[in-house]
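Protein chains in written order, with full-length UniProt numbering: chain V, 1 to 428; chain P, 1 to 428; chain X, 1 to 428; chain F, 1 to 428.
It is possible that some hints are incorrect.
Since copy identity is lost for identical chains, a pair holds within one copy or between any two.
[Said to hold, decoys possible] Restricting the straight-line Cα-Cα distance to at most 25 Å, the calculated cross-link-like pairs of lysine-lysine (DSS-like) are: (1) Lys257 to Lys320; (2) Lys36 to Lys281; (3) Lys257 to Lys196; (4) Lys94 to Lys403.
No lab work stands behind these hints: they were computed from the structure.
Since the structure is predicted, the reported quantities are computational estimates derived from the model, not experimental observations.
Protein chains: 4
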Amino acid sequence: MKLFELNESSVRSYCRSFPVVFDQARGAELITRDGKSYIDFLGGAGTLNYGHNHPVLKEALLDYIDNDGITHGLDMYSDAKERFLETFSRLILKPRGMHDYVMQFTGPTGTNAVEAALKLARKVTGRSNIISFTNGFHGCSIGALAATGNQHHRGAAGVPLTDVSRMPYANYFGDKVNTIGMMDKLLGDPSSGIDKPAAVIVEVVQGEGGLNAASAEWVRKLEKLCRKHGMLLIVDDIQAGCGRTGSFFSFEEMGIKPDMITLSKSLSGFGLPFAMVLLRKELDQWKPGEHNGTFRGNNHAFVTATAAIEHFWRDDQFAKSVRAKGKRIADGMNKIVRRYGPYSLFIKGRGMMIGISCPDGDSAAAICRHAFEHGLVIETSGAHSEVVKCLCPLIISEAQIDKAMTILDAAFAAVMSEQTANQASQAS
Amino acid sequence: MKLFELNESSVRSYCRSFPVVFDQARGAELITRDGKSYIDFLGGAGTLNYGHNHPVLKEALLDYIDNDGITHGLDMYSDAKERFLETFSRLILKPRGMHDYVMQFTGPTGTNAVEAALKLARKVTGRSNIISFTNGFHGCSIGALAATGNQHHRGAAGVPLTDVSRMPYANYFGDKVNTIGMMDKLLGDPSSGIDKPAAVIVEVVQGEGGLNAASAEWVRKLEKLCRKHGMLLIVDDIQAGCGRTGSFFSFEEMGIKPDMITLSKSLSGFGLPFAMVLLRKELDQWKPGEHNGTFRGNNHAFVTATAAIEHFWRDDQFAKSVRAKGKRIADGMNKIVRRYGPYSLFIKGRGMMIGISCPDGDSAAAICRHAFEHGLVIETSGAHSEVVKCLCPLIISEAQIDKAMTILDAAFAAVMSEQTANQASQAS
Amino acid sequence: MKLFELNESSVRSYCRSFPVVFDQARGAELITRDGKSYIDFLGGAGTLNYGHNHPVLKEALLDYIDNDGITHGLDMYSDAKERFLETFSRLILKPRGMHDYVMQFTGPTGTNAVEAALKLARKVTGRSNIISFTNGFHGCSIGALAATGNQHHRGAAGVPLTDVSRMPYANYFGDKVNTIGMMDKLLGDPSSGIDKPAAVIVEVVQGEGGLNAASAEWVRKLEKLCRKHGMLLIVDDIQAGCGRTGSFFSFEEMGIKPDMITLSKSLSGFGLPFAMVLLRKELDQWKPGEHNGTFRGNNHAFVTATAAIEHFWRDDQFAKSVRAKGKRIADGMNKIVRRYGPYSLFIKGRGMMIGISCPDGDSAAAICRHAFEHGLVIETSGAHSEVVKCLCPLIISEAQIDKAMTILDAAFAAVMSEQTANQASQAS
Amino acid sequence: MKLFELNESSVRSYCRSFPVVFDQARGAELITRDGKSYIDFLGGAGTLNYGHNHPVLKEALLDYIDNDGITHGLDMYSDAKERFLETFSRLILKPRGMHDYVMQFTGPTGTNAVEAALKLARKVTGRSNIISFTNGFHGCSIGALAATGNQHHRGAAGVPLTDVSRMPYANYFGDKVNTIGMMDKLLGDPSSGIDKPAAVIVEVVQGEGGLNAASAEWVRKLEKLCRKHGMLLIVDDIQAGCGRTGSFFSFEEMGIKPDMITLSKSLSGFGLPFAMVLLRKELDQWKPGEHNGTFRGNNHAFVTATAAIEHFWRDDQFAKSVRAKGKRIADGMNKIVRRYGPYSLFIKGRGMMIGISCPDGDSAAAICRHAFEHGLVIETSGAHSEVVKCLCPLIISEAQIDKAMTILDAAFAAVMSEQTANQASQAS
């Protein structure tokens, strides 16, 4: 551990919560150098939907590398890329009626994809303002950071974060306040001070922001608002996409058609750096190379992503299983809520992107600490880090879910009863 | 090809110059799906210093994957990371007297590393202005793009690019004009209008900008200027580093000590996405997670990078060979220059980062086209794309160099004689 | 008229509504070169609270000029400035318990005062964000324009308007929605995306924005919000101040204590360019000359402002008369509303800053046109220019008010009945 | 004095150098409340070209006020404005072949005029970048401040100052370095990092920047550069215009035709707040009211400005006298230079905008202090406040010049001999 502390920048963070050295990983399990195994409810913050080292993907990658498949080729045509384009088009886009999208491979991180989408929206519309939402997270490079809400990250920008207007997310002011109506008034008022936006960027479920899930109705109204005011609709599906909510895209069943969709995290399927912007063909007004990056088009990721799509998305079995497991986790959580905090705890999120909101960040942190000590890697999210977040691989077994729920139950028991005890002693 | 055109965004660029589908690659060779082989003088724009699929690195990676080594773990501690930290420290930093640097793993692209370095410089100094140079290239996300000079990229920003003051690079105004003296005057003048900069970001050899190589004297003076005016010195060694100029860092023999160094491209050794900021320990004022990204710490890249450093940098044989090959290429180029344009062509660059400046972008493009038709993948750089740029893998064989030089010679012969003929016919 | 069209920029605006050439003006009357007289309900957009060429002020100014009083002295000490400082302190500040404010004389326009206040707020707090409100108007220079809501003006900026977060004004979303509570939630949420503001800038009655009057309760809550979140409270009293609402400051009876107050428009009392920032002494962290301007401290304006304060504000008679006349105007308006649009017209504003909101900008414009043809100079305001705005001099006589009301009544009669007729014919 | 210190913000500055209370002023004389008279070599920082209270202007203003001439009418048509338009057109524009300019009356300060010019340049060209020069001064509101060089002012902005590229003024790097050639290279290089500018804003003689006078050749080349690169040429003639350099505009004899000219300071002739942008008719693409301000079109200033133009500019006598007096002052200064610092002092500037550059700011300040004690109000300018600046009224008498020169001579004698003595004692 010393070696890390001596040589790695203090910016490192997750390792502080999980001070062990991991070496191997399989499916929903992380294994330390000392052979200790943990159930992984962090899931690479949404990057490991198909688990660690999934055998089908691993096989494909080993074969590719073994055969000297081209690894790095900038954005030159490669066989691996062609297979990805064909497969993604055939199994993801076409079955969903999305024939008219093209794919842009940006630098292989979510923030690079967001930067590209915002640039293109501004270029196409000739407007510079972007609407993003309270508690939204879109990345840490300056262009994307301007759209991100988190002050911890914004505060490190070093320059003003401009050309973004912040709007309240669904239910931000409670379920009585119609935030779409508010936006409509602001956008229709020529002296509201909100400059006409090029686009709205939105997560259908906000991951880092605390597992806030917008209703289908809100999302549909948001799309209508975009059409009314000439704004593009960008869905940032980096964390909620690739099956996490029970369908490939998080917005599938909502009946909307975004202008652009950013994907990354679980897109490669194997945890490899990879990012893509899906954009409606008519918006593809890029000049060659106008937005670029050395690692755009990671061929290893093309290979594993193609294998993942072929394996998991050729029919609806996988999606169904995700919904079933999501229910199993929700059931487990409901028990915890009823048992330890029927008035202070509540469930947030959708599909397998759910968690329990705790009274505060301290108790949530204590719960995660306790869980880790008992074999479960799990983290918090939310404005006050108050949500214990379950982002386990979608391929997790029912047994693993149950085991994790047992660990979580014990953690809540320990922390919440201590809290109750403290409150009681303060009250007396 | 149709499939690419239908499904991939028009932003794709290199594939337009090389309209074939590559499938495999080995060492300095790219191989199409049809089995046609090309010598690679593009080298992933500096990403493939150790060639494609180098057997030692490949072996290490195959083993790691085969053994279910952890692929994605955010910034948790991993065995692979520890080995990289230890190896980089032992074989790169310590022998160069750079004990007091720590490593920050940013999102795995160059632009993410630059974003991190600029943020940190601003945070540490409390200033927002950054000096960058004419013809400099530092990436395409908004924070880095502000420091990049290229109008093609800047024009797509969609928002103003702020908080950067542009200064003339070494010899930008010819070798009679002392650009360091100019900067000194501007920085020392309280009404010059140049706000005190947090940092200077500089490439010691400008890759995209046209293989402009600063002299050791200029770089040393620049460091002194930084110290005098309280600016940090950031060397962007993303393209020129990792051995390209004949030493691991491009500035090694110059006797300077940058405050931060950004590395990416060839750092993984295998073409995998990877990026790092080296920073002087006293500047490591990051709070945990303040700058983050999902793919920071790519374990596959740790594995290949560690293997590469062990293999190539345990002694100075490799560096020596780079310098020797650089000379061989320069000799070949000199012949071309003397033969086809003693007054109109000239050599630019340093080490194995060299090229031939042509009279204009059209002739350079024609030369690259001709070369490609004869089996050589090569591209241009420079403000007017006028420099035919040789960025071949450093492990290229002498025979391959000679073959490439023969192809290049023929290309210059064809294009330059045509040009001369055109001029003659215009003159008559 | 030709001469104007040939020689003056097309940016000119009010002259388009009132295409006559004015020559003289007295009290509440404007007189054209041809001797035609108009009642002035425009009042220099709030600049002529004491009427045109008030004899007491005029006398003071004539004496001063005749005696070769210093006109322009930058910010050197002058007798005229000293008398203004003493008088303003004695008759305005002290009786209102505002002992601890100092006066800053900025360039003599409202926008310059706002620029100064925003700069100082940012300097003192070390924050850059400013909260301003929907429909707020604070000026047209870039710093102030960022806080202004009007798109017509914002659209001409030519650069992004940054470092301002827009919030909904009192009742912006109707009287059911608690906009203070909304702000509190946004400001207390560390991932809302609203960076901690240096200050809030607010008009207690929004003039250009459509005579929106905030309640005392809302303003008091806003002040509390400022204290809670460490934001300074800047009241922009440029249009609503100097007696317009029935007290010297528009917020007097509300029991708040702003950190800064910007004044201009009627401050000189004579229509002369003049502007001032009142700031709490502890905020006076300016270094000498840090914010400057050639015409800061207009001595002619000091002279007339001093005379105006001595004449109008040595007791409460004037304030009382303003409230009485405000009521007289409101009564007249009420009759108009009841007569021509009990459901479509309504009264907005406070004191002598009131108007009638019309169904749309076209009808409001038609009403003003009709009124002008019958001897009344009057203009619109509001997001859609839908409010017929009465900003007559506060010294107007009851007879003049009554005459103006008769003209207005006829204008509403003509336009609203025509509207009703149109609607009827469309319906049939 | 106490009253000022108690009640006026610490931002006040000139009064600190001249701690007396002025009351009256006539011609080139300032008179304190105690009856002490000073020769005015500060001249309102260029605002009092025709002296204080010039009898002809004073008479016109008294008559106008006495007759209840309209003082404030926003931008409505007034008789006084019409007379100004006609007179300025007839006596200034037409004789100089400038038939095709229109006049825009902005808020009555220089910075407001600059804000308007920059906005319009950006609007017309669709570009956002502006070139301004080292040591340039253009005002303190955020839009203008971005173009200003002075760090004392820039440092108080509180927000980044963006969309301006700073270029070296004529001779900034000495007379060997061709700064026009440098700009040409930067602007013609598509990867220089200098975005295509909307306009160049330049002072032909830099007042605040230290009386740097560009040669006619440099200015002509600058105009050509503007035409070549599609940039508008804005001459900021706020300080150098209105006769200061020996012709109405500072650039008259240079044979250029600026796209826009900003005027303020001495434009009213009487020290009244007033500002104007002259712009080529084809650039007049303003929509009505797009850029506005309450005090645009100060009628008192129209009256005095018209009188001033009629009196001073109906023939070339006044311009001739300015050139003659400029020479008289220069002769006096030359004697001082030869006497007290043939190697350390030198003369800067042009016409009656000249001064003596001292070894440093301390000696310049000491000289001004000494002069003030002996009856001369004079200030410094320049990056280090090292230039003793003579901006006396142009109507000053020869006797007053000679008297002032005697005072200055004594001041230099006292300070420079002391300096020499100090140096001698340090050396020994």
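Self-check item: Numbered hints the structure breaks, given as an ascending list
Solution: The structure breaks hints 2 and 4; every other hint is satisfied.
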